[in-house]
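S.K.: Can you make the complete structure from the sequences, with help from the hints?
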Amino acid sequence: MMIQPNDNYSIMVEDLTKRFGSFTAVDHISFEVKKGEIFGFLGANGAGKTTAMKMLCGLSKPTSGNALVAGFEVGKDNEGIKKNIGYMSQRFSLYEELKVWENMRLYAGIYGIPEKQIKERIELMLESLGFQNEINTFVKSLPVGWKQKLAFAVSIIHNPKIVFLDEPTGGVDPASRRQFWELIYQAADKGITVFVTTHYMDEAEYCNRISIMVDGKIAVIDKPQTLKMQYHGRNMDEVFRKLARNAVRS
Amino acid sequence: MMSKTPFSAFVRKEFYHIFRDRWTTLILLIMPMMMLLLLGFAITTEVKNAQILVLDPSRDEATRMIINTLEASEYFEIKGEVTSIEEVETLFRKGDIGMVLVFSEHFSDKMLHTGKAQVQLITDGSDPNYALTVTQYATAIIGGVVQEFSAAQGSIPCQIHSDVRFMYNPTLKGGYNTVPGVLGMVLMLICAMMTSISIAREKEFGTMEILLVSPVKPIVIILSKTVPYILISLINLTTILLLSVFVLKVPVTGNLLLFFLLALLFIFVSLSLGLLVSAVAKSQMVAMLISGMLMMLPVILLSGIIFPVESMPLFFQWLANIIPANWFIRAVKKVMIQGLGFGAISFELMILSGMALLLVLLSLKAFKKRLD
Numbered sequence: 025m026m027i028q029p030n031d032n033y034s035i036m037v038e039d040l041t042k043r044f045g046s047f048t049a050v051d052h053i054s055f056e057v058k059k060g061e062i063f064g065f066l067g068a069n070g071a072g073k074t075t076a077m078k079m080l081c082g083l084s085k086p087t088s089g090n091a092l093v094a095g096f097e098v099g100k101d102n103e104g105i106k107k108n109i110g111y112m113s114q115r116f117s118l119y120e121e122l123k124v125w126e127n128m129r130l131y132a133g134i135y136g137i138p139e140k141q142i143k144e145r146i147e148l149m150l151e152s153l154g155f156q157n158e159i160n161t162f163v164k165s166l167p168v169g170w171k172q173k174l175a176f177a178v179s180i181i182h183n184p185k186i187v188f189l190d191e192p193t194g195g196v197d198p199a200s201r202r203q204f205w206e207l208i209y210q211a212a213d214k215g216i217t218v219f220v221t222t223h224y225m226d227e228a229e230y231c232n233r234i235s236i237m238v239d240g241k242i243a244v245i246d247k248p249q250t251l252k253m254q255y256h257g258r259n260m261d262e263v264f265r266k267l268a269r270n271a272v273r274s
Numbered sequence: 025m026m027s028k029t030p031f032s033a034f035v036r037k038e039f040y041h042i043f044r045d046r047w048t049t050l051i052l053l054i055m056p057m058m059m060l061l062l063l064g065f066a067i068t069t070e071v072k073n074a075q076i077l078v079l080d081p082s083r084d085e086a087t088r089m090i091i092n093t094l095e096a097s098e099y100f101e102i103k104g105e106v107t108s109i110e111e112v113e114t115l116f117r118k119g120d121i122g123m124v125l126v127f128s129e130h131f132s133d134k135m136l137h138t139g140k141a142q143v144q145l146i147t148d149g150s151d152p153n154y155a156l157t158v159t160q161y162a163t164a165i166i167g168g169v170v171q172e173f174s175a176a177q178g179s180i181p182c183q184i185h186s187d188v189r190f191m192y193n194p195t196l197k198g199g200y201n202t203v204p205g206v207l208g209m210v211l212m213l214i215c216a217m218m219t220s221i222s223i224a225r226e227k228e229f230g231t232m233e234i235l236l237v238s239p240v241k242p243i244v245i246i247l248s249k250t251v252p253y254i255l256i257s258l259i260n261l262t263t264i265l266l267l268s269v270f271v272l273k274v275p276v277t278g279n280l281l282l283f284f285l286l287a288l289l290f291i292f293v294s295l296s297l298g299l300l301v302s303a304v305a306k307s308q309m310v311a312m313l314i315s316g317m318l319m320m321l322p323v324i325l326l327s328g329i330i331f332p333v334e335s336m337p338l339f340f341q342w343l344a345n346i347i348p349a350n351w352f353i354r355a356v357k358k359v360m361i362q363g364l365g366f367g368a369i370s371f372e373l374m375i376l377s378g379m380a381l382l383l384v385l386l387s388l389k390a391f392k393k394r395l396d
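Same order as they appear, the protein sequences are chains A and B.
Counted the way this note's numbering counts, the first sequence spans residues 25 to 274.
Counted the way this note's numbering counts, the second sequence spans residues 25 to 396.
Read the hints as simulated data drawn from the structure, not as lab findings.
Just so you know, not all the hints are guaranteed correct.
[Unchecked claim] Just a few of them, taken from the derived set where beta-carbon distance is under 10 Å, the chain A residues facing chain B:
(1) Ile105
(2) Asn108
(3) Met112
(4) Lys123
(5) Arg129
(6) Ser179
(7) Tyr209
(8) Ala212
(9) Asp246
(10) Lys247
[To be verified] A short list of chain B residues far from chain A (calculated; beta carbon distances all over 10 Å):
(11) Asp120
(12) Gln144
(13) Ile254
[To be verified] Using 25 Å as the maximum straight-line C-alpha spacing, the simulated DSS-like pairs for lysine-lysine come out as follows:
(14) Lys164/A with Lys118/B
(15) Lys85/A with Lys227/B
(16) Lys227/B with Lys164/A
(17) Lys227/B with Lys171/A
(18) Lys306/B with Lys171/A
(19) Lys107/A with Lys140/B
(20) Lys140/A with Lys227/B
(21) Lys107/A with Lys227/B
(22) Lys358/B with Lys100/A
(23) Lys134/B with Lys85/A
Note that the Cβ used here is the ideal one computed from N, Cα and C, for glycine as well.
M.R.: This is the structure we're talking about:
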């Protein structure tokens, strides 16, 4: 059964399921993400969020269920999806032996940005990152926080409709994390939908809406403010603990 | 500058990876030459200046002539004389003696009158290759001298003169065996090992994930990985050929075009082998171990570069047949050394093509499985 495309949503998921043998990693999840929204996709380790994200990015085939990403059907039109999304993973994903501008050029080439626009885009990117002096620096000699910022900027070099961030701030100090979130807000202001997973509960509060996965299912999905009231938590950390307490997998 | 197509962007990136790291460049371009020169000169089956001791009770014209001829050849050097056969063993134990020449008494007389003069060659059998080569050389030289001597004395030579001639390699140069072997080893090393390591590296650092999420087709990523290694292989092929012709004095007698065609086919086989390894290996370490243990070691041990395959147990001879490099080495010998044409290596070409097809199919299957 096909999902009817809707212009208000950039991601629409219905009963999406992934089984590995007898293990159901993702168990009939359904949700929508609005256009331009910052959507936090939370869950404990092993709850199934990485598997779900991989299906949405076209890296893994769903066992059953449907999903529309940027208007393209998951599992059927992965090429369409790949052209319209950006992706950044928790493991640092730029080439360390290449210089800053070489990494930018490489990804510009990968996403088929016309030659004439590449230079202009790189300059714009360097400026918004404040990296003008680092253009010829080898990525391996940048501090971790800077690397993550650069990786994020590169992941949206082609102005995608959606950007998937898989624990983008893992191992980054609090000050750099705040700077990183400023970049996320800038991207959202440009109309890019942000789909982000994170371990840090303070970051969950920066999202417009969040979902929390427990044992392969989505336990709750709402605004952080609403969830805190509903579960009588002072912060998201308490909400998360109350929900995750009942988890079978850990 | 960098073109806008993903393919050329990738190829450029691969070149950065290889040529920015001084050690990688050095290993890829210099090591093959080192290997050739090492195996060509140091580990050689040739004999040069083997030390000879002589036990000569006759001291006549014929024995002197034999000794002088041996001394004059570049293969032997007369170290001195011994007076009794008992001394021989202790001298061998010291290790620097290659051969002992023992003449019978009244050598000239016996040869001229009865036709039954005896000379005994004693060598150190603990190194059979060496011993065999030394005796072959010495026998050939002694045979020649005897013939000459008898002719000069006006009598018809009574011995059956054995004329051993080594086809295609008249002077028994080790290089004829080394050059094709090193070629097989180097191409295997660069194409299979380096490709598998470079793909495993992308997996290890998480960059592969990003590439798989991008609209670039996996085949483009893989093809662009192979381009630099094909180029480096061709460079190495050329340097090895030049070294072998000008330094090791091994000529290329066959068709050069056919030779390069053969090399390209083998490069393709090695690349697909590398792809198969990289589909299985998750880290550089694993890729290196698999390529090292499963590909390099068998090539070194079973290709006949160092140990002759013909004298191995049947199981290993059979095992040697499933190693792609062996078929390549066999074909290279035919084209390069024997100067044979396409027809002579069509069987080897067929086997290599079959292996390439099988490997490509297997690695495609392995890659697909991983993506599901």
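S.K.: Hint by hint, say whether it matches the structure.
M.R.: Going down the list of hints, with the structure as the test:
1. Interface restraint check: isoleucine 105/A against chain B, minimum CB-CB distance 9 Å, threshold 10 Å, status holds.
2. Hint status for asparagine 108/A relative to chain B: holds, with the closest Cβ pair at about 9 Å, below 10 Å.
3. With a cut of 10 Å, the hint placing methionine 112/A at the interface with chain B holds, because the nearest CB-to-CB distance is about 8 Å.
4. The restraint placing lysine 123/A at the interface with chain B holds, with a minimum CB-CB distance near 9 Å, inside the 10 Å limit.
5. Interface hint at arginine 129/A: satisfied, since its Cβ lies 5 Å from the closest Cβ of chain B, which is below the 10 Å cut-off.
6. Checking serine 179/A against chain B: minimum C-beta separation of about 8 Å stays under 10 Å; hint holds.
7. About 23 Å separates the beta-carbon of tyrosine 209/A from the nearest beta-carbon of chain B, more than 10 Å, and the hint is not met.
8. The interface hint given for alanine 212/A is broken, as the beta carbon of that residue sits about 20 Å from the closest beta carbon of chain B, more than 10 Å.
9. Of the supplied interface hints, the one on aspartate 246/A is violated, with its beta-carbon coming no nearer than about 28 Å to a beta-carbon of chain B, more than 10 Å.
10. Hint on lysine 247/A is violated. Least Cβ distance to chain B is approximately 29 Å, over the 10 Å limit.
11. Non-interface status of aspartate 120/B relative to chain A is upheld: no Cβ of that chain comes within 10 Å, the nearest being about 51 Å off.
12. A cut-off of 10 Å between C-beta atoms confirms that glutamine 144/B is not in contact with chain A; the least separation is 66 Å.
13. Against the 10 Å criterion, isoleucine 254/B stays outside the reach of chain A, whose nearest CB is about 21 Å from its own CB.
14. For the proposed pair lysine 164/A and lysine 118/B, the alpha carbon gap of about 58 Å is over 25 Å, so the pair is violated.
15. At roughly 20 Å between alpha-carbon atoms, lysine 85/A and lysine 227/B fall within 25 Å of each other, so this suggested pair holds.
16. For the hint linking lysine 227/B to lysine 164/A, the alpha-carbon distance of about 17 Å falls within 25 Å, and the restraint holds.
17. With a C-alpha separation of about 19 Å, the suggested pair lysine 227/B and lysine 171/A falls inside the 25 Å cut-off, and the hint holds.
18. Of the supplied pair hints, the one linking lysine 306/B and lysine 171/A holds, its CA atoms being roughly 24 Å apart against a limit of 25 Å.
19. Restraint check for lysine 107/A and lysine 140/B: not satisfied, since their Cα atoms lie roughly 91 Å apart, outside the 25 Å limit.
20. For the proposed pair lysine 140/A and lysine 227/B, the alpha carbon gap of about 32 Å is over 25 Å, so the pair is violated.
21. A C-alpha spacing of about 22 Å is found between lysine 107/A and lysine 227/B, which places the hinted pair at or below 25 Å, so the restraint holds.
22. Taking the CA atoms of lysine 358/B and lysine 100/A, the gap is near 52 Å; set against the 25 Å cutoff, the hint is violated.
23. Taking the CA atoms of lysine 134/B and lysine 85/A, the gap is about 91 Å. The hint is violated against a cut of 25 Å.
Hints 7, 8, 9, 10, 14, 19, 20, 22 and 23 from the earlier list are contradicted by this structure; the remaining hints agree with it.
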